Amino acid sequence: MTATEPATADPTARRRGPRALLAAVDVRLTAPGPAYRLRAVHTLVALVVGLRLATRDWTAIADRPAVLTTHANLAGWLPAPLPPGALVALQLAGLLGVVLVVVRRLPHVGFVLAWVCYAALTALWGASGKVMHNDVLTVTVGVVLLFASVPPRGTPPDARAVRWGWPPRAALAVLATVYLLTGVQKLRHSGPDWVLSDNLAWVLRQGSSPFGPELTHLVADRVWLAQLFAAGALLLELTAPVWLAVRRTRAPFALAVLVMHGSIWAFLGLDYSAWVLTAAAVAVPMSLADGHRWVGLLGRLRSRPVQT
Amino acid sequence: MDDEAGPDDRRQRRRARAVTYGLIVVLLYAGAAQVEAWPLTAYRLFSGVRTDTGVQYRLVAVAPDGTRTPVVPTDPTEVSDQTSHLLPALRGASPERRRAMVDAWLDAAGLDPADVAQVRLERVTRRMDPRSLTWTDTDRTLVTEVTP
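So the sequences go chain by chain: D and C. For what it's worth, this note's numbering labels the leading residue of the first sequence as 1, then goes sequentially. For what it's worth, this note's numbering labels the leading residue of the second sequence as 1, then goes sequentially.
In case anyone wonders, no lab produced these hints; they're calculated from the structure. Take every hint as true, because none was put in to throw you off.
Partial selection, computed: residues in chain C whose CB lies under 10 Å from chain D:
#1 12
#2 18
#3 21
#4 28
#5 36
#6 54
#7 78
#8 87
#9 133
A quick note: this is a predicted structure, and the numbers were derived from the prediction, not measured. The beta carbon of each residue, even a glycine, is placed where N, CA and C say it ideally should be.
From just these sequences and the hints, can you work out the full model?
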């Protein structure tokens, strides 16, 4: 355990090329980190899981007949259909796990419990023949935190160790990889036409905006505007690793993700809130400078005199 | 750096590399090989180019007198709605499985199999009008027929 950042005199710094870059990434990944940062990311991701568990009627899964249930997923080995009672029990067990994380009583056990229940329920929810992506980012980022050693109670928040440094950075790396993949697949399957054709205009027209068709027409009938939206989304996805590699651009990335998924909801009615919340849960704490903590920020806000 | 670290740091560095690089390799492989085994996915979100034309599979119940009734859930939920993505799988399913699937969809639609002579799976090509945002069928092909 050490209070210093990784050695900057590392010999890789003098080398050039991809191997040097990978070595530099490895040094940053495995450097010691503060206990408070892992606690923040661990707790925030658990809260996203809790929110998703609490705000859905999972018993709808029980209404799907066994013959219309697919098994090519994480929960494919479970019998179908599970009775409503078993689904509610999974939901409550997952929420109990989230509570354990938040109150820091057996936080690792709590996170594993919450993740297993959430992953099982979302896998069952999507076992109808179409891959559902709404919760997959949260589940995937959560995989990293299953292997994290959470600081035990009594650990000084500023204590630093390798074991507390790598999990939030690994979560950032996974987040970056997922967003990069969504962009790469657009280029792979559609090429530049994804942006340069009237593709997005037709995506918007074929969606269902909660604000009615006027909003759809506002953008879809102006091809240049739809192309601008498409270019912005693709650029954000393809450059996610760059945004997330630099501390100061992590919070703006979370904001950009909010704008992108928020507009998807406004234009198409599709709920990607779990992606927004997961990106924020990882990227925003990791955007704070060393020594800046959520608790400290909240404390300073509370201690401000009330102006009348 | 590992040479100077204690055993716990060395162990944690090994774990960090295994988890991070391992997960990234798995994600990239799933993307490259187009794996779809949730939560492993290729992350194809709106990745195809959309045009004014689309293709849809539809299930239609045909009564003995020839009356056609679309087979759609009477009380749709997100879970039941998504089972329509299994319609193309009807063609390759065994006769027993086809009947079981069709019976399940008829039940969800509140239709009595006794009142149905045939259930037709149709592949419908349709075109959207950009002003009214409504679809018009332009072609319909029979994929398979099932007797419930």
